[in-house]
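Peer 1: Below, each chain spelled out in residue letters.
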Amino acid sequence: MSLLELQNVHAAYGSARVLHGVSLKVEKGERVALIGRNGVGKTTVVNTCIGAARLTSGKVSFMTRVQKPIRAFRAARSGISIVPQGRRIVPGLTVRENLLLGSAPDRKGPWNLEAVFAMYPILRERADGLGTAMSGGQQQMLAIGRALMANPDLLILDEPSEGLAPVVVDELGASLVRLAEQGTAILLIEQNFGLIRSVGDRYYVMAKGSVVEDGRLSALTAEELKRHVSV
Amino acid sequence: MSNLSMAAAAPKVRTSTTPPVLVVVGIAVALVGFVLPWLGLPRNILSLLTSASMTAILATGVGFLVRQAGFSSFGHAAFYGGAAYLLVLMSVYTGLSGEAVVLLAPVIATLAAFALSFILLRTQGVAFSMLSLAIAQALFELMMRWRDLANGEDGLRMRLPREIFGLKLSFFQKADTMFLVSWSALIIIIVGLVLLSRSHFGTLTLAIKNNEERARFIGFRTLMPRAAIIALSGLIASIGGTLFALYNGYITPGLLHWSLSGEALIIAIIGGTRSVWGPALGAFLFVILRDFAGNYTTHWQSIVGLVLIAVVILLPSGASGAVSSLVNRIRGGRDV
Amino acid sequence: MSDTYMLEATGLTRRYGGFAALNNVSFKLRQGEIRGLIGSNGAGKSTCMDVLTGRGRNQQGTVCLNGQDISRLSERERRAVGLSRSFQKTNIFPELGIRQQVQLAARKAEFDNTEEVLAELSLTAIADRTASDVSYGDQRRVDLALALVGKPKLLLLDEPAAGLTIEESLAMARHLRNLAERWKLTILLVEHDMEVIFAICDRLTVLHLGEVLTEGLPDEVRANPEVIRAYLGSTFA
Amino acid sequence: ADATIKIGVATALTGAYGDLGQQVKRAVDFAVEEVNAKGGIDGRKVETQYQDTQAKADIARQQAEKLVNDGFTILTGSIASGEALGIAPMLERWDAVMMGTVPKADALTGAECSPRFFRANIPDYADAATVGTWLKEQSEKKWAIMGSDTAWGRNSGASFTKTASGLTRDIVAEGYAGLGTNDFAPYIQKILDSGAEGVWVALAGRDAINFAQQAKQFGLIDKLKVAGVSFVTDNTVKTLGDVSKGIYGIINYSSTLDTPANKAFVDAWAKKYPGTLPANFEGETYLGMQVLFAGIDKADSTSPEDIAEALEGIETDTIIGKISVRQADHQFVRGNFFGRIEDQDGTLRPVVATSVAADVAMPAADDACKL
Amino acid sequence: MLIQILNGLVYAGLLYIVSVGLVLIFGLRRVVNFAHGGFYMVGAYAGYTAAMVFGFWGGLIVAVLVLGLIGILLDYVVFRPLQNADHMVTVLVTFGILLVFEDVVQMIWGADTLSVLAPYPFDGTVQLGDILFPVYRLLVIAVAIAVALGLTLWLRFSRAGLYVRASSVDALTTGMQGVDTEKLSLSVVGLGTALAGLSGVIASPLLALSPSMGSSILIESFIVVVTGGLGSFAGAFIAALLIGQVHNLGIVYVPNVASMLPLLLMVVVLILKPTGFARSYS
Ligand SMILES: Nc1ncnc2c1ncn2[C@@H]1O[C@H](COP(=O)(O)OP(=O)(O)OP(=O)(O)O)[C@@H](O)[C@H]1O
Ligand SMILES: Nc1ncnc2c1ncn2[C@@H]1O[C@H](COP(=O)(O)OP(=O)(O)OP(=O)(O)O)[C@@H](O)[C@H]1O
Ligand SMILES: [Mg+2]
Ligand SMILES: [Mg+2]
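Protein chains in written order, with our numbering: chain A, 3 to 233; chain B, 83 to 418; chain C, 954 to 1190; chain D, 1133 to 1503; chain E, 13 to 294.
By construction, these hints were calculated from the structure, which means they are not laboratory data.
Even glycine gets a Cβ: it sits at the ideal position worked out from N, Cα and C.
One should not assume that every hint holds.
Anything over 10 Å on all C-beta distances counts as not near chain E; from chain B, calculated [what the hints assert, rightly or not]:
(1) Val-103
(2) Leu-171
(3) Gly-177
(4) Val-189
(5) Trp-340
DSBU-like, lysine-lysine: derived pairs with alpha carbons at most 35 Å apart [unchecked claim]:
(6) D:Lys-1157 <-> B:Lys-256
(7) D:Lys-1273 <-> D:Lys-1370
(8) C:Lys-1137 <-> A:Lys-228
(9) C:Lys-1061 <-> C:Lys-1137
(10) E:Lys-195 <-> A:Lys-110
(11) D:Lys-1138 <-> D:Lys-1357
Cβ-to-Cβ under 8 Å is the rule here; a few derived chain B residues that face chain D [to be verified]:
(12) Gly-122
(13) Arg-125
(14) Ser-129
(15) Ser-133
(16) Arg-227
(17) Arg-229
(18) Glu-235
(19) Asp-236
(20) Gly-237
(21) Tyr-332
(22) Leu-337
(23) Gly-376
(24) Trp-382
(25) Gln-383
Just chain A, same shape as in the assembly:
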């Protein structure tokens, strides 16, 4: 069953058209990487799925259900959690509250406050401090933890390695792989080759608002991958 499917999606911000026919699909348990240069529209793909960019034509479906109109909360309720670019930690809430915000009481799974704290101990230490009063990388951990709290079927991460120390990126890669092995599908938007390679299985390459290529990462050499990202 495809958890997320975009069919020939065109999307815009106001009158500025950004996506020109994007089709992609994430099946249950898959690990998919979405790559491309700055400004090609990767984040816009995510934004379209939560209604933050305007879908002008095409279809977006969660769990094979076509979304119309697209509303942010539907994604979450269909089991899709997002680690947004720029982290979007909610100001005024404590770390714990930010995490609780992400939890979905009616979804079962291994993730809860304790599990997240175990993965990122710094969050436990700071549990009652403001989420926004942490360093950039710590906030990134919080954003990832928050997304996991819902025990998602599909985890979308928009440049999660940004601002993370190399060790932490390594750990993130490992934990994403573990997650995938437990059955959570992953859509990873990244610039960091190491992370793409260690997590991704299939890939899509975007350029100028459309998907220009897709395939299996294992079939790509490092050189080819580099080239794709630079189109």
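Following the hints, put chains B, C, D and E with the ligands in place on chain A, whose structure we already have.
Peer 2: Relative to chain A, chains B, C, D and E with the ligands alone:
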């Protein structure tokens, strides 16, 4: 970096230059204003336009503050009414010449605006609005309660010599002649503000409005420019108030009341604060609408309210925004 | 290299309540040096930049630029003596055009090569667009452009390569190296992208839990087991 | 004699004094309809136009000017004194004439008097004279004042103080509340704490109601003798019901006045506005219209200047008897009344207890007025 | 003196109930809702009319329900379509609504002032020391405390409260966590206006009803909200307490400047602490 990062989307350019058509229309409107008194319009229309142009000056001041500094003042009546009160009080209590009184009133009001700006600038957003409201309202209460000075809610009559600036006082109190005065003032103010907003100072204050901290980090002082904008906006409002007092010869604390400040802000937003001339346009529309509604029904309040809601919802960038995009569309351009 | 230091920071400290985000950190930079400042998340790197540039309150320590004590100067005055920075959390003027704001930043320093900076950061094509309308990566480069124009003497960059592709990061690294030589810039670079760090830094300072863990040549640091454990992990060791 | 007589009514149709403006409108409509039914004045029909002033002086002035520009040069309708004070100085320049029927500020027929302004109702200083006659007979020695913090309220308080001290009564507490005050509790408590035996109230409209309602809850109305000006109106009674019973006060006009002319008026009124009796300001406004029409008739002209001239010194019969318009200050010289809210024919209403004759009720004209 | 302080508490209580709805709506929609004064007024009138059929308490329930519905409508028709517009625009729309409401109320109920008697069993007085105090006034204090407690507990400790707080600062992110923010804001705005209705009915035995009653209390409640710190419930509570006292004691001790004191208090607080007593939901 080697490769160009190409934007995927067609560039969405926010026009920073006014289309020439608009400039031409603007000049034409300004000129038409100067011949209006000779067109034999009914007296009521002319006196309506005269009050509207004073309101327009006030709204221009308020709108400029929104546009250039991002502050929605709920207290500009303090400068408008304050200047009017200064003028009348000085005319009653001091032996100053008529000319001095007329010139000093806006000057003092502006200095007050400048001084107050340092208090106001400690806040932003809604708190700024409310602080300005509180200061203005305190002035209102003062004029209301200090009966010996300003005669409370019954108001005060101006006492100026029969002639000022070599002109008969009645020149300033008749609609046809006063219209020329206030219209000129309005045009000068708008042209001045347009020039100012294109200058370095204009860009700098816009930058400070956007991100005050970063402005400091690229090496600019941020307090003084903002204080200057507040003072300037106060000056504009007080010019309007001075003209009002001169024209009416009679003032009441209503000129200081928050509802007048609120009205000015409404007018500015209806007119659109993205352009310098928007609030003035809004003032003419608003004053004429209210008069029209008042002539035909006592439910002018509902009508004004409903029109306000409709305009604001249908034209979120205000009347001037609508005009601009209309002009653009006529010229075949894209909607911006 | 001369023996005079361009920047001398001593005893930099910032506390939040009882917690010291930065605790008595000292280091010195030579003229023309590119210094990498690395360390795990929350180590205090951004805080260190803040203290150097006078951002925020309750900071201790002295900062000397070319022998002049600038600890008491405001952000604006520090910029005037040649200290310029970029931000980890994008900090630009969203409503202004990209060229417009870069020119504004250049103005104070009577600097007229804004076009060059725009071109080198690949911003020329989008220079007339409003900053809030470009992608996140583009905005990060606008932030960098604001720091670069005006030929600062000392440039503090907080994760300039974050969100860039590897290609672009390396291009940026080369570009910085280049600038440093041409303009005789001194750079303090915070970055988690080790390719960038190892490509251009002369020396590295490693922070950990608000204190200096070690300082040295890139290769020394890279081999330091403590740094590997606390920060680098397997990939770069 | 063909032109119509155009009366412009600039009054508070909305806003805090909206209820008073509506009273003025009802009375003017009534008077005009009545005179037109009789064929007009000298064959000229009377026409009216209304403009809303919200009781704000600056708007009032603009609206009055608008009316004048439209040819409605005979003005009336001001509620707040400030409105009339703003308009009066302009009347000559506009070539208009104005009949005030509600504003009570002394200055209107004093320092700020105008050759084109006439006043039908009773100014503050004259009310004070009426109070004296009543207060003499009251046994309470200690009085408090609860006034509106406006020129009118302050004036009224000051005149009461003067009258009271002349009669060896003490003022033990004084409070003046701003227009639109919500909570009168602190004032009420202050009065109760002061040991006053009576309280003089100079509040109007919503303030009067608010005060009365809250004073009742604190037991002040039951404990103290309460009297006031503009307090004892049909409106207050209608709103307050039993709360208002027994309150004393100056009544400038009451539908209970026992004269044939008034009876006829009240009957006709009840026909036009079924189920209502003319209230205080309705009576006073009608009175003003009666005299105005007489003036126009006498002038035999629609020119404001002629009308003003004809009104000066005119003497005519009205619903409250014969009255004259004083030449010196254009004030109507007329009687005043003191009364009490009582149950009459099963309804509560202000009932006249004492009538004060014109010579006592209307002290001499103010020297400050130079016409 | 003690009685005067008690009177101050009563007024503070009233101000608090009026203000708290403003705080709620401001918190969620970032809009200073001028229409709130109108809702308060409509609540009072609706309660007045409904009371003729259902009695005071029935009227109270009707008014609260009617106002809640109006709030839901308001959110649906105004706040939601305008959520991406400049906040000032939305503020002006609410101002327009206030104007329309005042006019409509005047059309239906007339310009005359109306009054409502305190309901049984709160219509009497109690002996406090040697002074009689109206029981109804004590009830106002009690209602204010109940509202304060209820709201605080709800926002602090319930899941819905967490959602409200989150969505007030970042609706999109909150939505991404599976919260239907639009439904949430319908109910919160509805609750806010229902509180306006409640305050209108509660106020009516104290204050006379007139079409201008809304605007006359609006500014004072703005002062409370801003002094307390925008969006802060605890702040509003403290500010209402303070302003109630300042207002009352001012009238007693410095009557000539009493009307300026709350304004000056706000100015001073904002100068010393520009964010008011508190920063965010607390
Ligand atoms: N406003 C604040 N209040 C409390 N603690 C803070 C605040 N700002 C930062 N901190 C803490 O100070 C420490 C240092 O933060 P800093 O931002 O300097 O880290 P950093 O080294 O830049 O990390 P990163 O690589 O993740 O950006 C962190 O533990 C952070 O949580
Ligand atoms: N709010 C907006 N309004 C108008 N255009 C926008 C807006 N946000 C993004 N764009 C444009 O849409 C295009 C795609 O942006 P998007 O953020 O999806 O890129 P991206 O691939 O995620 O880039 P990055 O790697 O930099 O995050 C860019 O050209 C950008 O300029
Ligand atoms: Mg992106
Ligand atoms: Mg950092």
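Peer 1: Give a verdict on every hint.
Peer 2: Hints and how they fare:
1. Val-103: The claim holds: Val-103 (chain B) sits with its nearest Cβ about 26 Å from chain E, beyond 10 Å.
2. Leu-171: 19 Å, holds
3. Gly-177: Holds: least Cβ distance 30 Å, greater than 10 Å.
4. Val-189: 24 Å, holds
5. Trp-340: Its Cβ does come within 10 Å of chain E, the nearest being 7 Å, so this is violated.
6. D:Lys-1157 <-> B:Lys-256: Holds - the C-alpha atoms of Lys-256 (chain B) and Lys-1157 (chain D) are around 30 Å apart, at most 35 Å.
7. D:Lys-1273 <-> D:Lys-1370: 31 Å, holds
8. C:Lys-1137 <-> A:Lys-228: OK: Lys-1137 (chain C) and Lys-228 (chain A) at ~32 Å, within 35 Å.
9. C:Lys-1061 <-> C:Lys-1137: 19 Å, holds
10. E:Lys-195 <-> A:Lys-110: 24 Å, holds
11. D:Lys-1138 <-> D:Lys-1357: The hint is violated at about 46 Å.
12. Gly-122: 14 Å, violated
13. Arg-125: Holds: closest Cβ of chain D sits about 4 Å from Arg-125 (chain B), inside 8 Å.
14. Ser-129: Interface hint status for Ser-129 (chain B): holds (6 Å vs cutoff 8 Å).
15. Ser-133: Cβ of Ser-133 (chain B) sits 6 Å from chain D, so the hint holds.
16. Arg-227: For Arg-227 (chain B), the interface hint holds, since the closest Cβ of chain D sits about 7 Å away, which is under 8 Å.
17. Arg-229: 7 Å, holds
18. Glu-235: 5 Å, holds
19. Asp-236: 4 Å, holds
20. Gly-237: Holds, because the Cβ-Cβ distance from Gly-237 (chain B) to chain D comes to roughly 5 Å (cut-off 8 Å).
21. Tyr-332: 5 Å, holds
22. Leu-337: 7 Å, holds
23. Gly-376: Cβ of Gly-376 (chain B) sits 6 Å from chain D, so the hint holds.
24. Trp-382: 7 Å, holds
25. Gln-383: 6 Å, holds
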